[in-house]
Amino acid sequence: MINYVAAISIFIVTFYFIISGKVNRSIASFVGAILMVVAGVTLGFYSQEEAFRAIDFNMIGLLVGMMVIVSVCKKTGFFSLVAVKAAKASKGSPLRLMVMMGCIAAILSMVLDNVTTIILVIPITILICDILGISPLPIIMAEIVLSNIGGVGTMIGDPPNMMIASASGCSFDDFLIHLLPIALGAILLTLGTLAIVFRSELKTKPRDFGPILAIDETVIIKDEKALKNVILSLAVVLVLFLLQKSHGFHHALIALIGAGTVLALVRPNIEEVLKDIEWPILVFFGSLFVLIGGIEKTGLLSMIAEKIVALASINLNLAKISLLWASAGFASLVDRIPFTTAMIPVIKHVGTLGFNIDSLWWILALGVGFGGNGTPIGSIVGVVGLSMSEKTHSPIDFKIWLKTATVIMVVTILFVTLLIGII
Amino acid sequence: MKIKDVMTKDVVRVSASLGIREIYKIFCEKHIGGVPVTDKSGRLLGMVTKTELLDVLIPDYFDMVGDFLFIDDFGALEEKLESVPTLELFIAEDLMMTNVISIKEDASLMKAPVLMTKYNIRRLPVLDRDSKVVGVITRMDVCKALFNSGRAKPQ
Numbered sequence: 000m001i002n003y004v005a006a007i008s009i010f011i012v013t014f015y016f017i018i019s020g021k022v023n024r025s026i027a028s029f030v031g032a033i034l035m036v037v038a039g040v041t042l043g044f045y046s047q048e049e050a051f052r053a054i055d056f057n058m059i060g061l062l063v064g065m066m067v068i069v070s071v072c073k074k075t076g077f078f079s080l081v082a083v084k085a086a087k088a089s090k091g092s093p094l095r096l097m098v099m100m101g102c103i104a105a106i107l108s109m110v111l112d113n114v115t116t117i118i119l120v121i122p123i124t125i126l127i128c129d130i131l132g133i134s135p136l137p138i139i140m141a142e143i144v145l146s147n148i149g150g151v152g153t154m155i156g157d158p159p160n161m162m163i164a165s166a167s168g169c170s171f172d173d174f175l176i177h178l179l180p181i182a183l184g185a186i187l188l189t190l191g192t193l194a195i196v197f198r199s200e201l202k203t204k205p206r207d208f209g210p211i212l213a214i215d216e217t218v219i220i221k222d223e224k225a226l227k228n229v230i231l232s233l234a235v236v237l238v239l240f241l242l243q244k245s246h247g248f249h250h251a252l253i254a255l256i257g258a259g260t261v262l263a264l265v266r267p268n269i270e271e272v273l274k275d276i277e278w279p280i281l282v283f284f285g286s287l288f289v290l291i292g293g294i295e296k297t298g299l300l301s302m303i304a305e306k307i308v309a310l311a312s313i314n315l316n317l318a319k320i321s322l323l324w325a326s327a328g329f330a331s332l333v334d335r336i337p338f339t340t341a342m343i344p345v346i347k348h349v350g351t352l353g354f355n356i357d358s359l360w361w362i363l364a365l366g367v368g369f370g371g372n373g374t375p376i377g378s379i380v381g382v383v384g385l386s387m388s389e390k391t392h393s394p395i396d397f398k399i400w401l402k403t404a405t406v407i408m409v410v411t412i413l414f415v416t417l418l419i420g421i422i
Numbered sequence: 141m142k143i144k145d146v147m148t149k150d151v152v153r154v155s156a157s158l159g160i161r162e163i164y165k166i167f168c169e170k171h172i173g174g175v176p177v178t179d180k181s182g183r184l185l186g187m188v189t190k191t192e193l194l195d196v197l198i199p200d201y202f203d204m205v206g207d208f209l210f211i212d213d214f215g216a217l218e219e220k221l222e223s224v225p226t227l228e229l230f231i232a233e234d235l236m237m238t239n240v241i242s243i244k245e246d247a248s249l250m251k252a253p254v255l256m257t258k259y260n261i262r263r264l265p266v267l268d269r270d271s272k273v274v275g276v277i278t279r280m281d282v283c284k285a286l287f288n289s290g291r292a293k294p295q
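The listed protein sequences correspond, in order, to chains A and B. The first sequence begins at 0 in the working numbering and counts up by one. The second sequence begins at 141 in the working numbering and counts up by one.
Since the hints were made in silico from the structure, they are not lab data. All residues carry an ideal CB built from backbone N, CA and C; glycine is no exception. It is possible that some hints are incorrect.
[Stated by the list, open to error] Stretches of chain B that chain A covers, calculated by requiring three or more beta carbons in the stretch to come under 8 Å of a beta carbon on chain A: (1) 201-208; (2) 212-221.
[Stated by the list, open to error] List time: in silico EDC-like cross-link candidates among lysine to aspartate or glutamate, alpha-carbon distance up to 16 Å: (3) B:K149 with B:E228; (4) B:K149 with B:D246; (5) A:K221 with B:D207; (6) A:K74 with B:D207; (7) B:K244 with B:D207; (8) B:K251 with B:D145; (9) B:K284 with B:E169; (10) B:K144 with B:D270; (11) B:K190 with B:E169; (12) A:K390 with B:D195; (13) A:K87 with B:D213; (14) A:K90 with A:E271; (15) A:K73 with A:D215; (16) B:K220 with A:D207; (17) A:K87 with A:E271; (18) A:K390 with B:D179; (19) A:K390 with B:D200; (20) A:K204 with A:E48; (21) B:K144 with B:E245; (22) A:K73 with B:D207; (23) B:K142 with B:D268.
With the rest of the complex left out, here is chain A (with noise of 0.2 Å):
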């Protein structure tokens, strides 16, 4: 009981600090994963050995491996020809100019971290859209949800589909069968939905498309070798991981060799791409491995996961959908990665009593995903989109993003719903 006391409270002090954004959320995180572990010592539940075992390597070094070749991607200037390129396609039209750099937000977090998508994505934007003397309003928000919405359709485009990937033991196609033609299907809901919320502002037909088309799209790439390299790089990973079945590599090996590639082609200065791996967030990760360690070995997320398959043992449709909004309300209102990491091991607990799980994993990865755009700190996609906004003459605010960010999060999580028969 003691046990259960100890390991449930060092839990919930831990999130309270990481969701109220008292303490930042990599050291209240590392705080608590040490409070943990003395605590599993003390008591005698959880050990140190078992606390590393918690970490998932896999995952981290999944991770690492992609934050390498983005780091050498967003130097060769790609994001700011992509986003010339579908400007002067658009042809002067503020709603084919949402329409193409929402999808192209979609589909570069397929691939790329989210936040480095739009970090790269929305300031270029906003410039094209001021020398267009058009609103960049619906096209930044165009991009931050469907950078959200496009990261789940992929096993590498979201860290929750990573921990799931690496959990589950789930293959890259399998990702591609069972979650792309869902975000596929979101994306096209999320494009019609903003363009009725925003029909006004995308009425307002620029005052001179000149500007665009003069760009000389031949400048903009400074090293066109270093481009095709991180290019061939990043196509080395995905045949590994469409190949996976095949040849069994785990997830951080395959995404490592990538990193090998782009550093061996690219040579570029090391100091400068190892300064560009997020170290808070590998701490976070890390540490929240450890803290849900120490609850599983406490045996209470197995106590959980008896509730849920009796709940499912009643009504399967009814517990999907449970897990759906739950995952769906937790990541739009809290952080969704310690909820993700909570979860994975409920989830594979449902599955030693003797369920089928497959689609639970899918559900998860769908809920957390498209929830995190249910409110502007759902997602760090939001918080970094809402800050940038906030330098522009139209800032997003939280009125705005009500009516079209929550609005499509109900939307594409209602979809989802209506597809539970057959995820």
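We have chain A; now place chain B onto it with these hints.
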């Protein structure tokens, strides 16, 4: 040599409420590139230089745009600039940088070029013991003092 021996004593100060256009006029007429902003008793509040005047023209988000050298024609952005009525509303208080590096009048002359090169600044407001602005020392003042030392004392 002390700072107070080489500084420019005849220094223009402006109040926090002075408008952007008046500041621009002072720059033109006096052929200077920066003025200290002071309160009524002469204490330093901040500095306005040409950099701050130019900064007003550039939208805030520009520091997030990695590279925009490939854009030659800024289109509607430029048209908007020409018809900005809000530009006139800026006063010294909005423009000035507040974390100003200053120097005491009793400090040694060598401290000025060290600060100027370290922080890449062109002029340092010189303060007395009560933190009141008593002068300004520019890169040119330092150069004159250094290259003329041992010869006639500079004006």
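Consistency of the hints with the structure:
1. Counting residues of the segment 201-208 of chain B whose CB lies closer than 8 Å to any CB of chain A gives 7, so the stated coverage by that chain holds, three being the minimum.
2. Counting residues of the segment 212-221 of chain B whose CB falls under 8 Å from any CB of chain A gives 8; the rule of at least 3 is met.
3. Note on K149 (chain B) and E228 (chain B): the hinted pairing is violated, with a Cα-Cα distance of about 30 Å set against a maximum of 16 Å.
4. Using a Cα cut-off of 16 Å, the hinted pair K149 (chain B) and D246 (chain B) holds, with the two alpha carbons roughly 14 Å apart.
5. Restraint check for K221 (chain A) and D207 (chain B): satisfied, since their Cα atoms lie roughly 10 Å apart, inside the 16 Å limit.
6. Proposed proximity of K74 (chain A) and D207 (chain B) is supported: the alpha carbons are some 10 Å apart, at most 16 Å.
7. With a C-alpha separation of about 40 Å, the suggested pairing of K244 (chain B) with D207 (chain B) is violated against the 16 Å cut-off.
8. Restraint check: the Cα-Cα separation between K251 (chain B) and D145 (chain B) comes to about 13 Å, which is no more than 16 Å; the hinted pair holds.
9. Under the criterion of a C-alpha separation no larger than 16 Å, the hint pairing K284 (chain B) with E169 (chain B) is inconsistent with the structure, at around 23 Å.
10. Among the hinted pairs, K144 (chain B) with D270 (chain B) is consistent with the structure: their alpha-carbon atoms are about 15 Å apart, no more than 16 Å.
11. A threshold of 16 Å between alpha carbons decides the hint, and for K190 (chain B) with E169 (chain B) the separation of about 14 Å falls inside it, so the pair holds.
12. With a C-alpha separation of about 14 Å, the suggested pair K390 (chain A) and D195 (chain B) falls inside the 16 Å cut-off, and the hint holds.
13. Straight-line distance between C-alpha atoms of K87 (chain A) and D213 (chain B) comes to about 14 Å, which keeps the hinted pair within the 16 Å bound.
14. Using a Cα cut-off of 16 Å, the hinted pair K90 (chain A) and E271 (chain A) is violated, with the two alpha carbons roughly 38 Å apart.
15. This hinted pair does not check out: K73 (chain A) and D215 (chain A) have alpha carbons roughly 20 Å apart, beyond 16 Å.
16. In summary, the hint linking K220 (chain B) to D207 (chain A) is supported, as the alpha carbons are separated by about 13 Å, within the 16 Å threshold.
17. A distance of roughly 33 Å separates the Cα atoms of K87 (chain A) and E271 (chain A); the hinted pair therefore is violated under the 16 Å criterion.
18. In summary, the hint linking K390 (chain A) to D179 (chain B) is not supported, as the alpha carbons are separated by about 30 Å, beyond the 16 Å threshold.
19. Our distance criterion of 16 Å between C-alpha atoms is met by K390 (chain A) and D200 (chain B), whose separation comes to about 5 Å.
20. For a cut-off of 16 Å, the pair hint linking K204 (chain A) to E48 (chain A) is broken: about 63 Å separates their Cα positions.
21. Note on K144 (chain B) and E245 (chain B): the hinted pairing holds, with a Cα-Cα distance of about 5 Å set against a maximum of 16 Å.
22. Simply put, K73 (chain A) and D207 (chain B) have alpha-carbon atoms about 11 Å apart, close enough for the 16 Å limit, and the pair holds.
23. Of the pairs offered as hints, the one joining K142 (chain B) and D268 (chain B) holds, with about 13 Å between alpha carbons and a cut-off of 16 Å not exceeded.
Comparing the model with each earlier hint shows violations of hints 3, 7, 9, 14, 15, 17, 18, 20; every other hint is respected.
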